[in-house]
Amino acid sequence: MKLLFLLKEGFAGFRRARLAVTIALATITLSLALLGLFGLVAQNLSDSFQRVFYQIRLEVFVDPSLSESDFQTLKSEIERIEAVQSAEYISPGAALQEFEKDFGKDLVAVLESNPLPPSFRVLLKTGHSRPEAIQAVVRRIEALKAVDEVVYPENLIRLLDKYFLLGILIAVGLGTAIFAISTLLIFNTIRLAIHSRQRVIEIMRLVGATDAFIKAPFIFEGILQGLIGGLLAAGLLWLAGDLVRYLFLPGLSVPWLYLAGLVAVGVLLGCIGSYLSVGKYLNA
Amino acid sequence: MIELFNVSVKIDNRPVLNDISLQITKGEFVYLIGKTGAGKTTLMRLIYMDLFPGKGNVIVDRHSSSTIRRKEIPFLRRKVGVVFQDFKLLPDRTVFDNVAFALQVIGSPKRTIRARALSVLTRVGLNHKRYQMPHHLSGGEQQRAAIARALVNEPFILLADEPTGNLDPQVSTEILALLESINRSGTAVLMATHNYGLIRQFPHRTLLVENGKITAGEAPYSKT
Numbered sequence: 104m105k106l107l108f109l110l111k112e113g114f115a116g117f118r119r120a121r122l123a124v125t126i127a128l129a130t131i132t133l134s135l136a137l138l139g140l141f142g143l144v145a146q147n148l149s150d151s152f153q154r155v156f157y158q159i160r161l162e163v164f165v166d167p168s169l170s171e172s173d174f175q176t177l178k179s180e181i182e183r184i185e186a187v188q189s190a191e192y193i194s195p196g197a198a199l200q201e202f203e204k205d206f207g208k209d210l211v212a213v214l215e216s217n218p219l220p221p222s223f224r225v226l227l228k229t230g231h232s233r234p235e236a237i238q239a240v241v242r243r244i245e246a247l248k249a250v251d252e253v254v255y256p257e258n259l260i261r262l263l264d265k266y267f268l269l270g271i272l273i274a275v276g277l278g279t280a281i282f283a284i285s286t287l288l289i290f291n292t293i294r295l296a297i298h299s300r301q302r303v304i305e306i307m308r309l310v311g312a313t314d315a316f317i318k319a320p321f322i323f324e325g326i327l328q329g330l331i332g333g334l335l336a337a338g339l340l341w342l343a344g345d346l347v348r349y350l351f352l353p354g355l356s357v358p359w360l361y362l363a364g365l366v367a368v369g370v371l372l373g374c375i376g377s378y379l380s381v382g383k384y385l386n387a
Numbered sequence: 002m003i004e005l006f007n008v009s010v011k012i013d014n015r016p017v018l019n020d021i022s023l024q025i026t027k028g029e030f031v032y033l034i035g036k037t038g039a040g041k042t043t044l045m046r047l048i049y050m051d052l053f054p055g056k057g058n059v060i061v062d063r064h065s066s067s068t069i070r071r072k073e074i075p076f077l078r079r080k081v082g083v084v085f086q087d088f089k090l091l092p093d094r095t096v097f098d099n100v101a102f103a104l105q106v107i108g109s110p111k112r113t114i115r116a117r118a119l120s121v122l123t124r125v126g127l128n129h130k131r132y133q134m135p136h137h138l139s140g141g142e143q144q145r146a147a148i149a150r151a152l153v154n155e156p157f158i159l160l161a162d163e164p165t166g167n168l169d170p171q172v173s174t175e176i177l178a179l180l181e182s183i184n185r186s187g188t189a190v191l192m193a194t195h196n197y198g199l200i201r202q203f204p205h206r207t208l209l210v211e212n213g214k215i216t217a218g219e220a221p222y223s224k225t
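Respectively, the protein sequence lines represent chains A and B.
For the first sequence, position 70 (counting from the first letter as 1) is numbered 173 according to this note's numbering, and the numbering increases by one without interruption.
For the second sequence, position 3 (counting from the first letter as 1) is numbered 4 according to this note's numbering, and the numbering increases by one without interruption.
Please note that the accuracy of each hint is not assured.
[Claimed, not checked] Restricting the straight-line Cα-Cα distance to at most 27 Å, the calculated cross-link-like pairs of lysine-lysine (DSS-like) are:
(1) LYS178/A to LYS228/A
(2) LYS248/A to LYS89/B
(3) LYS89/B to LYS72/B
(4) LYS72/B to LYS11/B
(5) LYS105/A to LYS72/B
(6) LYS111/A to LYS72/B
(7) LYS11/B to LYS105/A
(8) LYS72/B to LYS383/A
(9) LYS111/A to LYS11/B
(10) LYS383/A to LYS130/B
No lab work stands behind these hints: they were computed from the structure.
Turn these sequences into a full structure, and let the hints steer you where they fit.
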């Protein structure tokens, strides 16, 4: 009976304070969508950043006149360098295929021969991404016999390295501010929704309802608002993600787990917000 | 049953009640008179422990304001019915639901709720309007509904804070007749009022709250 009554009261709250609850839902949805949008942008930027920065890739061009066994020896020598994770041999033929795949041009038809030299694609271990550390590896590879040239996005890495800390600070600051604003907005709208029914709380206290019994329907209602707001925000982000992916960024990722996390944040904020707000009236 | 020992209360640093002592015995009917702001409502709040004295002690049915724990207060309030001048009914529920609400929020079984709500609505003469919303009722009927809600837990005392303040004289007399009948069945009544005509019509022990003190009072004849 008690649980049924509490659940019924929680659902009935939606019907009884329709305007306040609608405003609360809209605010929760928009706040969570804003928070989610920031998280998605930050996550996708961080992914792209990691692709460039966290695992550095070097292209090592070598003398085309080397024999098969020389390539094997060179590969072993490169892989013996401590910071190197792997070295993959790319034959001129394979390089040509990649070029044609990326640029869609038939090089041989234009130049009548394949101009691309053999190379090794060298992947550094994670953590070896500071410009000085990369330079040290590059110098060691260049010192090896038969290596012609080592190419990597040096300028981009120097730029990222320079602004890495600043970027993290800005992202954390912005993220914290957006989270704080969203939380305050959600708490405030829930408080207003509860305020609109303070007479119910007053009467419940007057007729001898325990604090837990008074709180329960409001907390349930807060959880429900957080859940619905979270689901709507997740739906909005999913749709927006789909649209952006289709129109501009095919590589954009909107992971399901992330959207589920957003719903969980909504539920948590709804629960805490209503707990604090109704508690305030009980302590008044 | 209700005893106040040397109770002093300040609200916002303003002394409202000063060193008052009082006793209300089982089944008694007591009027509380005094000017607006004299401390009548404060005295009632002390009894249902919505307010605690700065000095002194309030005893209500073995609960002491000095020792009662917060979680015990709801159980005290189930034994004390309260009605107000503005009825304090929930406007989005029927009369029946308003009355039943008082039992639902203390976790009573469904069958008990229905039986007791119907019984108390019959007692206050409102059973035929049990499915109406409060705004469809007259002032007197709304006060009857509020009284029914206060009575449904079978309290030992009914605190009525100016229950006829918003009602016309005829309806006020009817409400007081209802309170009298409730009192005859054993429930004590403490009623704050400015309506001295009613006190003369239904005479009972009368207390005057004035200048922070409580004395035995009498309804003045200058007002009706």
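Quick one, are LYS178/A and LYS228/A close enough, alpha carbons at most 27 Å?
-> Holds - the C-alpha atoms of LYS228/A and LYS178/A are around 16 Å apart, at most 27 Å.
LYS111/A paired with LYS11/B [C-alpha distance capped at 27 Å] | violated (41 Å)
Would you check the hint for LYS105/A and LYS72/B, treating anything up to 27 Å between C-alpha atoms as holding?
-> At roughly 18 Å apart (the allowed maximum being 27 Å), LYS72/B and LYS105/A satisfy the hint.
Regarding the pair LYS111/A and LYS72/B, is the alpha-carbon distance no greater than 27 Å?
-> This hinted pair holds, its Cα atoms lying about 24 Å apart.
Is it true that the CA of LYS11/B sits at most 27 Å from the CA of LYS105/A?
-> violated (39 Å)
Hey, LYS72/B versus LYS11/B, does the alpha-carbon distance stay inside 27 Å?
-> Status holds; Cα separation ~24 Å.
Starting from LYS383/A, check that the Cα of LYS130/B is at most 27 Å away, please.
-> Given pair LYS383/A, LYS130/B is violated - Cα atoms ~36 Å apart, limit 27 Å.
Given the hint that LYS248/A pairs with LYS89/B, test it: the Cα-Cα distance must not exceed 27 Å.
-> Roughly 94 Å separates the two Cα atoms, so the pair is violated.
Pairwise hint evaluation, LYS72/B against LYS89/B, where the allowed Cα distance is 27 Å at most = holds (24 Å)
Distance restraint between LYS72/B and LYS383/A, which requires alpha-carbon spacing of 27 Å or less | holds (16 Å)
Hint violations for this structure: numbers 2, 7, 9 and 10, all remaining hints satisfied.
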